[in-house]
Amino acid sequence: MKAYLALEDGLVFEGKGFGAEGEIFGEVVFNTSLTGYQEIMTDPSYKGQMVTMTYPHIGNYGVNSEDVESAHPWVEGFIIRELSPVTSNYRCEETLDAYLRRHGKVGIQEIDTRKLVKYLRDFGAKKGVLSTIDHDPKSLVQKAKDSRSIVGVDLVKDVTCQKPYEFQEALLEGFEWGVKERDLKKKIPIVAVDCGIKFNILRKLNQHGFQVKIVPAFSSAEEILKENPKGVFFSNGPGDPAAVPYVVESARKLVGRVPIFGICLGHQMLGQALGGTTSKLKFGHRGGNHPVMDLKTRKIEITSQNHGFVVDLASLPKEDVELTHMNLNDQTLEGFRHKKYPLFCVQYHPENSPGPHDSDYLFQRFREMIERN
Amino acid sequence: MPRRTDIHKILIIGSGPIVIGQACEFDYSGTQACKVLREEGFEVVLMNSNPATIMTDPETAQRTYIEPLTVEFLEKVIEKERPDACLPTMGGQTGLNLAVEAYEKGVFDKYNVKLIGARYESIKKAENREEFKAAMEKIGLDLPKSAFAYTIEEALEVGDVIGYPVIVRPSFTLGGSGSGICYNREELVNIARMGLDYSRTHEILIEESLVGWREFELEVMRDICDNFVVICSIENFDPMGVHTGDSITVAPAQTLTDKEYQRMRDAARKVISEIGVETGGSNIQFAVNPQNGRMVIIEMNPRVSRSSALASKATGFPIAKFAAKLAAGYTLDEIPNDITKYTPASFEPTIDYCVVKIPRFAFEKFEGVDSALTSQMKSVGEAMSIGRTFKEALQKGLRSLETRRFGLGGDGRDRILGRDLKKIEDYLEFAQTASQDEELRKKIVRYISVPREDRIFYVKYAFMAGLVTEEIYRYSHIDPWFLEQIRQIVDLEKEIINARSNKEKKKAVLREAKRYGFSDRQLSFFWEMEQKEIRELRKSLGVDAVFKLVDTCAAEFKAYTPYFYSTYEDEDEEEVTSRKKVMILGGGPNRIGQGIEFDYCCVHAAFALRDMGYETLMVNSNPETVSTDYDTSDKLFFEPLTQEDVLTIYEHEKPEGVIIQLGGQTPLNLAKGLEANGVKILGTSVEAVDRAEDREQFKKVLEKIDLKQAQNGIAWDLDGACKLANEIGYPVVIRPSYVLGGRAMKIVYDEKALRQYMTEAVDVSDEHPVLVDQFLTDATEVDVDLIGDGSQYVVGAVMEHIEEAGIHSGDSASVIPPFSLKKELIGEIILKTKQIAAELGIIGLMNVQYAIKEGVIYCLEVNPRASRTVPFVSKTIGVPLAKLAAQVMAGKTLKELGFTEEIVPKHTAVKESVFPFIKFPGVDIILSPEMRSTGEVMGIDRDFPRAFYKSQVAAGSHLPDKGKIFISVKNQDKRKIVPIARKFHEMGYVIVSTSGTLDALAAKEIPAELVFKLGEGRPDVCDLIRNHEIKLVVNTPSGKEIAMLDEAKIRSMAVSFDIPCITTINAAHAATAGLQAVRGKGLDVKAIQDYHKVKTKA
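As given, the protein sequences belong to chains B and E, one line each in that order.
Going by my numbering, the residue at position 201 of the first sequence is 201; the numbering climbs one at a time, nothing skipped.
Basically my numbering = 1-based index in the second sequence + 10000.
Take these hints with a grain of salt, some might be off.
Straight-line C-alpha distance at most 20 angstroms; calculated EDC-like pairs for lysine to aspartate or glutamate [to be verified]:
id	chain 1	residue 1	chain 2	residue 2
1	B	Lys299	E	Asp10491
2	E	Lys10507	B	Glu110
3	B	Lys339	B	Glu319
4	B	Lys2	B	Asp154
5	E	Lys10558	B	Asp112
6	B	Lys16	E	Glu10278
7	B	Lys296	E	Asp10999
8	B	Lys299	E	Glu10278
9	E	Lys10974	E	Asp10999
10	E	Lys10270	B	Asp360
Keep in mind that the hints were calculated from the coordinates and are not lab data.
Generate the whole structure from the sequences, applying the supplied hints.
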């Protein structure tokens, strides 16, 4: 099955399709993680995007029902160099090909992914179309051009839950890490605002002794406070942070009234709530190898990252905000805290999945912050 | 944290000679460490006994001691240099062991030297299995069930508790020496005995067998602030049970989910913290049960290693360089990533290609050795290859090995269970009939159940014979992911074959074939076309290789370091400059006969040409080397050294020329084919190479300059050989033409032996005839290295061998200046050598071997290329010959370079060879025309006896200062042994002999104790060796088959029990002289810079 990937500015790749047949649109981005394609596909933050995996062999260990970050894949399309002909893992339940087909997701393989990645690096993330139907490059490029940009679009509404719920799942047995010996019996009730929350954030919050109530992204501050939470968590999520003013609004109202922790889009929500602005990175940070320094301890953690937008450091009010984490690759803002109120957040993913486990202490900090409050 | 200011002078310990398990990678790491620490303003003192290293160049460290790596000599160096710190983690297990021993003897404390890189306690914790086990249990990591044993009885008890099979691992050994798998009590007794002997602490670990589990390695680094990064993950193609040095390994890991990988990463972090490696790199090995994911830790090395060199080359992240910086006090975030420049080293490299490492073996040189791969390492080298996919990298790797294979079979070299598939018809017949041949299938199944060097080919044959992945997995335990990749290759091969008579189909499959790593050579086999035609077809269709960058970051950031691999993709990233450039072909994987010496030469060429303003392009496939450090040349191409791959780069880059004479025989063999394809060869012409290598032409050259040759001739078959040998007269030396390292070369004493040899030799090389030479008995062998610029010729050195002619020059000890030859004779040798050079028109280097018999000079062979001895000569005379050679090839004259006269050093240097016999128990260690040494050491001092003594100590041959010496020599030597025995006697040694030698000594009134020969009664000589009563063995081989067996047993037993064994009269002479010279006086150490009055910048 022939498949084509076309970018808005004319670059076209011919490859082989896998997964479902069809034609889909999205922003083309890349992820440099060597492992964890299943976690990546099921991360709701990828709504609206097609992900290119830089490592050429994908699908080697198949797909299972345990390593998912949400109920189903969210990537619009999946771009790889070579799909594995076999799966080799004791936990494997299905091939990647079958999984994507089952979920109606289109994939393309056997293209020069490195060429694509270099292009995205040099010219920025691009709108693109992936099609197994239309084999005309010209028409495809036009379609890509005409497709909707993710800038200014609220994608959170597509991925958030519709009503509050609870999530009891623990970390996968045999793969736990982080806290073990502390007394976590006293559960701390918190509310997590779901902008597209990853399961592993919830698993980590559970592990750290939180009783989590997950609420839709459109919940107002009042609705959140009605739950009597000891803390509020703002989750990761897809798309342009400037396009979800309603989350920023409830965050703003919560600042100072309850301890707050945010991750990724949550961090961008909090940045705006404190008066900052956000902007789009050229091609974003997506991978599991980015060095971030905790400016307090000067320790470096290797982090899991997935963001295309960033909070503008200069836009944050200096009197209120203290920079806590910095990306050592490009010196961008990775985390800050409020000087007066119990509030902190990070741009990267301490829950990882996929990625290294270096940043578990942040959940600990959240708990300590609440306990101090 | 900034650089440490409390230390100023750092001592780095090298790894000594190349041995199995420890090769060029430590020259790579040590050289990087020297460079980095000097840049940081430290004064660097280096100690290493191996002259064939870049690190021992006088420019690398400020003070360089080419001295034996023993505590005694280490203390002397420390006493003289008074360093503040010692970095022991760059010199492999040798460096680490030496540091531990010196620490335990109080040497570092005495002189107030700090250990940096790894603390003593950390080394002990990682290396001592009991402490390691306790440490791992403390941090909650799972280990294989195991217990220690100190006696055979304890070993058996443990074996019974754990249940067979079990693995025996001795503590503190090199490359897994003395370890092995035991399936029953009997095997355990044998292997435990050997292991207890090998262990420095007489301790063995008996362990639950994990045979069949998946094996992984992580290369990690940690700094003083507890920052931790994983540089690379590696998955072994061969499952547990095969030493990782002998496994095909793949980077990155292929079959781990992120959850499993991160669990492994967490474990690695805990391990390095618990062991306490605070500044540097470590290698941590894990096994994973494929059925349930259970992960256990196998071992960790608290130092840079072979794997870390591989990881550095696989990712572009220079581990050793950064480890040295960390040891100097920096933290990871303070070190910039060389490749991206703007991002720090505190990240984890990610790659967008697949890397395969394949070991290279030399079983053919060790007759009678079991070629099954076990937990004890046996490979002598390795090749690495990079492709966008595993399939591509695998096939590139197989043709990088230079075992005359050009991919995964289908290259006219397939040999299945003794059946040759040289022609496509044979291959097709096999492919069509194999699946119906039940007997064959059974044999193949049996073959793939035992790991061997060629098992991967049999996996392919198994697929061809219709076996499916599940079956092959059941017998081989090779992970199905890898097996399926091979199946894909087999499937595409079928398509390729199906296209053989249809041009359109050929065109259709060509690009895919190249993307699967098929070489033009394989395609030419399948399609019965000339390689050239395949090339043309490819070009006409635009199927051309492109070059991609190794950049540590999967293209996320712009990279500045020009490190390339070829692949078949859309985009070519390599920017060809308009600078004038020279391409240097490296030596490929290490093997016996071709190793680090040639890498040394290539590196020098790169440095010299860079200084001359050329852009240098290095092509090599050996990940251990300095030449494949991307800092060495302007552009590095990590590629196989085959005609196709070299031409691809050549046509891409269009350099002014190619240097082929520095990388050993590998590039030299490519010369003709390259030239025929329009490549300009720099230096000595291809025609001259031919004149030196072609017997007939060579004969004419020698006749022209009136130089004698041993009588010789060429035979094309058995009868011809017999006839020729009768004419020449026995004994004769016989060998196939065009070989290196004396492969299959033998001295035969009668026709029966000749006939036996011929049946084997035809096997070895049927395309070339057999050469028969008169064997010059009792002749002195001489090696000469020369450099020429086409009009002027200068001899680097005349080296006199200690062992007589007939022993491969690579295996004998050699001495500069000659210790017994007359001045006039040396003069004549120099003159003749220059005449040969002038006749051939040498531009660059040349090596000539002579035999001197009764004052007459016979020319044995001429090699119009750099030889193994170039670094040894360069270090001895203080002139970098390889560097000059490169400059000469680029057009300089020797006059311009200021090297116009021979240098006769006032000191003496002795090169001694180092052998891998300890890895091949039972093999006779007797020296022969077949080269078997893996490495070399140099002893340098004011005179011959002292230099020889040092060379013996450095080679690990601990000549005893007192005790019992066993002497037993063949009849011809009975007279010659007398003065030697007398000297030993006078020095107070007790001589022990068997009856024959004893009588000969008694006749000259030299007292000796009688000992039984084997089979005469007990205790016999082997008992004395076993009980460590004998401290030295002097045994010359009788050359007779039956006596040989007993002698061989004695010699190989001596090797197993680490007792020095001298097998020639000349060496025994030298040993007595050496012992006499050092008696009661000891020896001094002197820096190489002082020998040559070199002033180095601070």
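Hints, one by one, checked against the model:
1. Taken as a hint, the B:Lys299 and E:Asp10491 pair is broken in the structure, with Cα atoms around 51 angstroms apart against an allowance of 20 angstroms.
2. Distance check on the hinted pair: E:Lys10507 and B:Glu110 sit about 18 angstroms apart at the alpha-carbon level, within 20 angstroms; holds.
3. Between B:Lys339 and B:Glu319 the alpha-carbon distance is near 8 angstroms, which keeps this suggested pair within the 20 angstroms criterion.
4. Distance restraint check for B:Lys2 and B:Asp154: the Cα-Cα separation of roughly 33 angstroms exceeds the 20 angstroms cut-off, and the hinted pair is therefore not satisfied.
5. Distance restraint check for E:Lys10558 and B:Asp112: the Cα-Cα separation of roughly 17 angstroms lies within the 20 angstroms cut-off, and the hinted pair is therefore satisfied.
6. Note on B:Lys16 and E:Glu10278: the hinted pairing is violated, with a Cα-Cα distance of about 48 angstroms set against a maximum of 20 angstroms.
7. With a C-alpha separation of about 84 angstroms, the suggested pairing of B:Lys296 with E:Asp10999 is violated against the 20 angstroms cut-off.
8. With a CA separation close to 14 angstroms, the supplied pair B:Lys299 and E:Glu10278 stays within the 20 angstroms bound.
9. For the hint pairing E:Lys10974 with E:Asp10999, the CA-to-CA distance comes to about 9 angstroms; that is within 20 angstroms, so the pair holds.
10. Of the pairs offered as hints, the one joining E:Lys10270 and B:Asp360 holds, with about 15 angstroms between alpha carbons and a cut-off of 20 angstroms not exceeded.
Against the hints set out earlier in the document, violations occur for numbers 1, 4, 6 and 7.
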